[in-house]
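Chemist: So you can see what is in the structure, the chains are spelled out below.
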Amino acid sequence: MKNKRRNLGYFFIVSWFTFFLLTQVNCATFSYGSVSQNKIFKAKEKVIPALVHLNPIKPVYTLGKKEEVIVIGSGFIISSDGYVITNEHVVGESKKVKCILSDKREVDADVIGTDPFTDIAVLKLPADEKYPYVVLGNSDKIDVGGIVFAMGSPHGLARSVSMGIISMTDRYLEDQRGVISMFNNFIQTDAAINQGNSGGPLVNLKGEVIGINSRMLIGAENVGFAIPINIAKEVVDSIIKTGKVQRGWVGINLQEMKAITEDMNQKGVVISDVEVDSPAYKAGIQSGDILVAVNNESIHARFQEDLPLVRKKLADLEPGKEAQLTVMRNGETKDFHLIPEVYSPYKGQEVEFTEWGFTASEITNEMLKRLRIPNRNGIYISGVQDGSIAKNSGLLAGDVILEFEKQPVNNLEQFLKLYQDAIETNKQKILLFVQRGVVTRFILIKDMKVDGLTIKGIEEKRRNSDEH
Amino acid sequence: MSINLFVAVISIHSVILGFTSQQLETIYKKVSPSVALIQYSSEVMNQITGEVSRRDGNALGLIVSSDGLVMVPGFVETENIESFNFRVRIQINNEEKEFNATKLKKPDDINVLFLKIENKEGIKFPFVLFANDPQLRVGSAIAMVGVLGETLDNVRCITTAHIGAILEKPRLTYCIDENVRLGFVGAPVINEQGDVVGVIGFDLSKAEGGEVYTRSGHPLVYQYELFKKYLEEPPKIQLKEDEQEAWLGVITQPLTDDFAEYWGLPKEGGLIVATVVNPSPASECGLKVGDIITNFNGVPIHAKYDSDVTGFTKLVREAGAGNHVKIEILRDGTPMTLTTLLSNRPRRSYEAEEYEWESVGLTIREITPDLRIALSIDESVQGVFVYRVKSGSPAQVARLTRGFIIQSIGNYPISSIKEFKELAKVIDERKPKEITVFAKIGNISGFFRIQPRWGESE
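As they're listed, the protein sequences go chains A and B.
As numbered in the numbering used here, the first sequence has no gaps in its residue numbers, which increase by one up to the final residue, 468.
As numbered in the numbering used here, the second sequence has no gaps in its residue numbers, which increase by one up to the final residue, 1458.
Isolated chain A, as found in the complex:
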């Protein structure tokens, strides 16, 4: 009995082994047949000369201070006059970026514009020469299983190439750890993507760029994501022409139809939220309405991955130009006419207030959604430095300054002016009124004395001694 079992086991191993050999042989035929080594070489040759290693020094606001950090990223040249595509999260707010070209030359590129919503940035290399550039493919015509290469500088290792296949063509990744991609899905690939690959091209076997490598799942193996190049084309065009991407805002948030019904025949998209005082709000659109058409063009989002396209359709509405939204409410169709406004920026402008030791930003619509701020009044304290006047006076990160010496604070610009006046006239005490959650509080900003010296005094002393 025992022997028999062992024999069976043996048979199993043998058959497994044969199967393994067969697949091996198959693989061999595959790689030397339809996908030849030459094809891979050719695809690589088409892109590598246009590959750029980026070393931006980007400002970041952390713990109440503006600091500059050196980051590593990738990019690729898309025109002979030197336009380069990369990720917004690579260049951030930097104005100039150090680039290393494929021939290892170092040049400075100007940042032409960035779009945080799609995580795309466009740079421009010096105009004094003709650059090699890549061919952009068609990311609508890709299929799962297609062979792709990721090229770039993983962990700073420039001009690296990795290979894999397309794992999924339209992965929905909204709102992951604060990074949003409202207007696009992602190409998922198992071609190795690491930190530093960001902004580099995802290339097909023909040597065409079909995506911009921009994300990966940390803790997972070979789960990387690229922005489809067709999404990028439009954004890049707009940035090159106007330096930015303008979007229309109607003020509605959407949910897929599956959230309310399993009925496949119900078309449209669910309006989950109407932002207060938005064009949609003023027009009378309510949460729970089903949006079925935009300017008489019918729309449908059954699943989450269908949402980016609908959001984009709304964002493509021209600000200031009347639009018609058709919704279903209680089984009846209703048309609403509204005038879209300009979509507010993703990030608010941020400023460091050196003397008091804090950073603050304007409050954007996106911040209202992500942070628990009651409304857009005031300015948002993004960080407070330890040992600073602001900290000693009791200001906390997350506070919203509503009043400055009894004057309502409307925006960052106005606050900056009030602040600068106070610094110039050397005012000893400033009364702020802040919102902390739903509670309000008075804060008296004053220069504390340490060992007989004020904080300002200490800083000055340090600066002077540095000079000597």
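Mixed in with the good hints, there may be bad ones.
Reference listing, derived: stretches of chain B covered by chain A, where coverage requires no fewer than 3 residues with Cβ under 8 Å from a Cβ of chain A [said to hold, decoys possible]:
{"hint": "1", "segment": "1258-1264"}
{"hint": "2", "segment": "1268-1275"}
{"hint": "3", "segment": "1375-1387"}
{"hint": "4", "segment": "1444-1453"}
Listed below are the simulated DSSO-like cross-link pairs for lysine-lysine, each with C-alpha atoms no more than 30 Å apart in a straight line [as the list claims (entries may be wrong)]:
{"hint": "5", "chain 1": "A", "residue 1": "K124", "chain 2": "A", "residue 2": "K141"}
{"hint": "6", "chain 1": "A", "residue 1": "K446", "chain 2": "B", "residue 2": "K1304"}
{"hint": "7", "chain 1": "A", "residue 1": "K258", "chain 2": "B", "residue 2": "K1425"}
{"hint": "8", "chain 1": "A", "residue 1": "K391", "chain 2": "A", "residue 2": "K66"}
{"hint": "9", "chain 1": "A", "residue 1": "K391", "chain 2": "B", "residue 2": "K1431"}
{"hint": "10", "chain 1": "B", "residue 1": "K1433", "chain 2": "A", "residue 2": "K429"}
{"hint": "11", "chain 1": "A", "residue 1": "K313", "chain 2": "B", "residue 2": "K1440"}
{"hint": "12", "chain 1": "A", "residue 1": "K334", "chain 2": "B", "residue 2": "K1440"}
{"hint": "13", "chain 1": "A", "residue 1": "K267", "chain 2": "B", "residue 2": "K1440"}
{"hint": "14", "chain 1": "A", "residue 1": "K258", "chain 2": "B", "residue 2": "K1431"}
{"hint": "15", "chain 1": "A", "residue 1": "K427", "chain 2": "B", "residue 2": "K1304"}
{"hint": "16", "chain 1": "A", "residue 1": "K258", "chain 2": "B", "residue 2": "K1390"}
{"hint": "17", "chain 1": "A", "residue 1": "K369", "chain 2": "B", "residue 2": "K1440"}
Computed Cβ-Cβ distance ranges for the label pairs, DEER-style [claimed, not checked]:
{"hint": "18", "chain 1": "B", "residue 1": "G1322", "chain 2": "A", "residue 2": "T261", "range": "33 to 39 Å"}
{"hint": "19", "chain 1": "A", "residue 1": "R171", "chain 2": "B", "residue 2": "N1100", "range": "56 to 62 Å"}
{"hint": "20", "chain 1": "B", "residue 1": "V1052", "chain 2": "A", "residue 2": "T242", "range": "52 to 58 Å"}
Keep in mind that the hints were calculated from the coordinates and are not lab data.
Bear in mind that the values here come from a model prediction, so they are computed numbers and not experimental data.
Here a beta-carbon is modelled for each residue, glycine too, at the ideal position from N, C-alpha and C.
We have chain A already, so just place chain B on it with the hints.
Modeler: Chain B in isolation, oriented as in the chain A frame:
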């Protein structure tokens, strides 16, 4: 000769420790019979998921009356931990006996819990008598009688420590100079005179500003004076009924000298009104943000530090709901007097009305004013708060999580727990295939499709 030497050693020892071994033995014999072992079960809620898990626990219990009032450490029951099934193990005549006990309402001004032993036979329990004056100074030696672990048969044990520091605010607090083991939390504290003067505790209670001034992790002595009233009049058995507690409806901050100087006011302290809850007795009498409270019902307010604010809460509470109070304020430097009728404090989140909708696996609570403040929920947002989502339940499948505010079910808006309950009952009767819930979290809202598993829940 050798005996003399032994005595000499002991006396040196006593100088260092403050207690002789004889003293310790006497204390041990006197106090340890009233040191009990409490065994209990509790439901612990994970604050992130709202998931509840059940645990068994042990704690030290100190018998404080002959009819079986037992004082246990506050950690036994907190906002996230609900305990039940209390058993008290006591050594009577060298024999370990077990009694059932009932939980009494947890005091909110000291972090201890009281139990009452079910004593049908009228047994006279050994108990500790406390001395009024703790006579503790920095450096004073103290002895504690605690319970060792299960592997050591929970035998009672005596140990010593010192008072390492004394805090004056927000009330007199004695800190011990080292850590104590778990079995000593709640242990009776004996001073150098041999009097039981308090118990070992951690953290201040909520009403003392324990949330603002966390003194977590350091053992303290709760002196007798703090819990005396509960020994004289034990708390009632815990009931989930409205608490009658007076409330004004303001959030204040102290008038520090800096603020006084800025506004050109005398540096005598006071309370700056920072937030006025609306509606509240404060808003009704016209109290405004920026007013400075200088006198409350005849008691001058001289608050200058954050720790002084809690004293005001106490004053309001003592004034009593349903009573008119006079509030003297300074508005833009001008003295004014306001009068208002104190009302009952709206229920707090931990005593909020709760409803478990079993068929979908949701436990919801009313949105209490303090929850609004904690979660920045605007007054305009109505609904019920998702307190718990049962693991694997239809609600969890629909991706609802703790923290959402359910604003409507189907086409029916929800503004109170009553409305929610009624609707849930109708739904439970009709058993629809699915329920669409509209809920909000922060500034984001959305629809959730819940598909109850009717067959299984029956």
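Chemist: Of the numbered hints stated previously, which ones are contradicted by the structure, given in increasing order?
Modeler: 9, 10, 18
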